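**Student:** Sequence:
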Amino acid sequence: MEKIVVLDFGSQYSHLICRRIREFSVYAELVPYDISPEELQKMNPKGIIFSGGPSSVYNDDAPKPDEELFNFDLPLLGICYGHQLIVNKFGGKVKRANKEYGSSLLSMDKNSGLLDGIGESIRAWMSHGDEAEEIPSNFEVIGHTENSHAAAIANTDRTVFGIQFHPEVVHTERGTDILKNFVLNVCKAKQEWTMEGFVEKTVKEISEIEGNVLCGVSGGIDSTVAALLIHKAIGNRQTGVFVDNGLLRLDESKEIEDKKIVILNYDLSLIHISEPTRRRGISYAVFCLKK
315 MEKIVVLDFG SQYSHLICRR IREFSVYAEL VPYDISPEEL QKMNPKGIIF SGGPSSVYND
375 DAPKPDEELF NFDLPLLGIC YGHQLIVNKF GGKVKRANKE YGSSLLSMDK NSGLLDGIGE
435 SIRAWMSHGD EAEEIPSNFE VIGHTENSHA AAIANTDRTV FGIQFHPEVV HTERGTDILK
495 NFVLNVCKAK QEWTMEGFVE KTVKEISEIE GNVLCGVSGG IDSTVAALLI HKAIGNRQTG
555 VFVDNGLLRL DESKEIEDKK IVILNYDLSL IHISEPTRRR GISYAVFCLK K
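Mapping of the sequence shown onto the working numbering: residues 315 to 605, in sequence order.
Think of the hints as simulated: they come from the structure by calculation, not from any bench.
Bear in mind that the values here come from a model prediction, so they are computed numbers and not experimental data.
Mixed in with the good hints, there may be bad ones.
Once the Cα atoms are required to be at most 35 Å apart in a straight line, the calculated DSBU-like pairs of lysine-lysine come out as [what the hints assert, rightly or not]:
1. Lys568 x Lys502
2. Lys403 x Lys515
3. Lys360 x Lys546
4. Lys504 x Lys568
5. Lys502 x Lys409
6. Lys413 x Lys424
7. Lys378 x Lys504
8. Lys515 x Lys424
9. Lys504 x Lys360
10. Lys407 x Lys424
11. Lys403 x Lys356
12. Lys403 x Lys360
13. Lys424 x Lys403
14. Lys409 x Lys424
15. Lys413 x Lys356
16. Lys518 x Lys504
17. Lys360 x Lys407
18. Lys502 x Lys518
19. Lys360 x Lys568
20. Lys515 x Lys407
21. Lys360 x Lys378
22. Lys356 x Lys546
23. Lys409 x Lys378
24. Lys568 x Lys518
25. Lys356 x Lys568
Whole structure, please, built from the sequences with the hints as guidance.
**Tutor:** Right under this line is the structure:
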């Protein structure tokens, strides 16, 4: 299955980039920014996206991808911080600027490629404190705002693009269309991913697990979905466990247990901790593990 890989540089919107791409039936996967070239090659992506992030590229401790990733000859899109990474990598200059947060009018300088069919201007969502002062040679400005002269840049020969705004958020008009242009028109990715296909593939992979499985459920969506998929795959070889640590709302443990039996269609083991001292000890241990 063809996919787009999104490198996470710490943006609050990183997962949203993947979601937007999956919404038009292309699989997208979020990976750490420091993924090795070998690991990325194994994933065999059709294109790469650099997410935004809170860092500044000119700082010594700024997160940066492996240099080899720029030699993969794959389409590359940088969003916000990712845009600045591209400017910095290819010889441009990024500088500190007045922090810009909110909607800005993005005007198109070139209505093709990444911005094909987007129109003369749109409202775009900005959230940055740095900007491109000089763009690299062999790049051209394809979009600008009042405060950002290089809000969108492109090197069409290398299919490398950078945008200062966030197309993944609903505040950006035609943002999904911009992502579609990159994923479908530039990367040529096929629209072959569906949630039904994901469930089928996941159940098949889980069914290959040997032995019995202990699955902890909490009452939330994530653990419920995980438990359901595992049960579909291996049936009674799974044991579901819900631990009442004594810190839940009144009767919440019974509500969770009842709901799980209805949704999962199998008995759920309930572990109830009633002794206050032991309850505090377990809660403290959990807190320490999370730290």
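**Student:** Next pair to validate is Lys409 with Lys378; report whether the Cα-Cα distance is within 35 Å.
**Tutor:** 17 Å, holds
**Student:** Within 35 Å, alpha carbon to alpha carbon, are Lys360 and Lys546?
**Tutor:** 31 Å, holds
**Student:** CA of Lys356 to CA of Lys546, is that 35 Å or under?
**Tutor:** 29 Å, holds
**Student:** Does Lys568 pair with Lys518 here, judged by a C-alpha cut-off of 35 Å?
**Tutor:** Satisfied, since the Cα-Cα distance of roughly 32 Å is no more than 35 Å.
**Student:** Would you mind confirming whether the straight-line C-alpha gap from Lys403 to Lys360 stays at or under 35 Å?
**Tutor:** The given pair, whose Cα atoms are some 21 Å apart, holds under the 35 Å limit.
**Student:** Given the hint that Lys502 pairs with Lys409, does the C-alpha gap stay at or below 35 Å?
**Tutor:** 34 Å, holds
**Student:** Take the C-alpha atoms of Lys403 and Lys356, compute the straight-line distance between them, and say whether it is at most 35 Å.
**Tutor:** 24 Å, holds
**Student:** Given the hinted pair Lys568 and Lys502, is their Cα-Cα distance within 35 Å?
**Tutor:** 50 Å, violated
**Student:** Within a Cα-Cα threshold of 35 Å, do Lys360 and Lys568 meet the stated pairing?
**Tutor:** 47 Å, violated
**Student:** Keeping to a limit of 35 Å between CA atoms, is the pair of Lys356 and Lys568 held or broken?
**Tutor:** 45 Å, violated
**Student:** Is the hinted pair Lys403 and Lys515 satisfied, with a Cα-Cα distance of at most 35 Å?
**Tutor:** 38 Å, violated
**Student:** Would the hint linking Lys407 and Lys424 be met if the CA-CA limit is 35 Å?
**Tutor:** Roughly 22 Å between the alpha carbons, so the hint for Lys407 and Lys424 holds.
Of the numbered hints stated above, those contradicted by the structure are hints 1, 2, 4, 8, 15, 19, 20 and 25, listed in ascending order.
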